[in-house]
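Novice: Sequence:
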Amino acid sequence: MEKYLIFTSYDQEYAIDIGVVREIRNWTQSTIIPSSPAYVEGIINIRGTVIPLVDFCKKINLDREEAEKKAMIIVENENKTISFSVKNVLDIIDYNKYDIKSLPEVSQCDIYNFVDGIISFDERVIFRLNISFLIRDCLN
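All the letters of the sequence shown, read from the start, carry residue numbers 107 to 246 under my numbering.
No wet-lab data here; the hints were simulated from the structure.
Quantities reported herein were computed from a predicted structural model and do not represent experimental measurements.
It is possible that some hints are incorrect.
Unchecked claim - Under the rule of at most 30 Å between Cα atoms (straight-line distance), these lysine-lysine pairs were calculated in the DSS-like manner:
| no. | residue 1 | residue 2 |
| --- | --- | --- |
| 1 | 164 | 207 |
| 2 | 109 | 193 |
| 3 | 109 | 164 |
| 4 | 109 | 203 |
Stated by the list, open to error - Simulated restraints, written as ranges between beta carbons of each label pair:
| no. | residue 1 | residue 2 | range |
| --- | --- | --- | --- |
| 5 | 116 | 229 | 16 to 24 Å |
| 6 | 207 | 151 | 37 to 45 Å |
| 7 | 131 | 239 | 18 to 26 Å |
Just so it is clear, CB atoms sit at the ideal spot from N, CA and C, and this is done for glycine as well.
Could you build all of it, start to finish, from the sequences and the hints given here?
Specialist: Structure follows, in structure tokens:
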């Protein structure tokens, strides 16, 4: 069994392996970086460490604005740290990695880059994120 942090963004649920989650914080305004990509909200200072803040919806090409962002999930993987702004953090679940389903072949779209599986949990469909890809893609 593995533990996953479940959060929502634009009413869809996503899962991140809890092992890469460094911290969960209430959403706060960031310092804007001029000429940065549209998905970069800015930078935040967490105990002396400057971390990029990425709008999760914009990064995954959901061109809709969240009604209200309530949380920031700070993740660290492969010695890189980034924060994602999301609508809400819901839960931590235990799930067997062998029960994670593959994405159906619907079309060729960006989702296959940042989602590496589907978790079926209590009749919910939760996208499991490929956090390594997402962090590399945001920071490159």
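Novice: Are the hints correct? Go through all of them and say.
Specialist: Hints and how they fare:
1. Between residue 164 and residue 207 the alpha-carbon distance is near 25 Å, which keeps this suggested pair within the 30 Å criterion.
2. A hinted pair counts as satisfied when its Cα atoms are at most 30 Å apart, and residue 109 with residue 193 qualifies at roughly 20 Å.
3. Pair hint residue 109 plus residue 164 holds up; C-alpha atoms about 26 Å apart against a cutoff of 30 Å.
4. A threshold of 30 Å between alpha carbons decides the hint, and for residue 109 with residue 203 the separation of about 9 Å falls inside it, so the pair holds.
5. At about 20 Å, the beta-carbon gap between residue 116 and residue 229 stays in the expected band of 16 to 24 Å.
6. Distance hint check: the CB atoms of residue 207 and residue 151 are about 39 Å apart, consistent with the given range 37 to 45 Å.
7. Look at residue 131 against residue 239: about 23 Å separates their beta carbons, and that is inside 18 to 26 Å.
Checked against the numbered hints given earlier, the structure satisfies every one of them.
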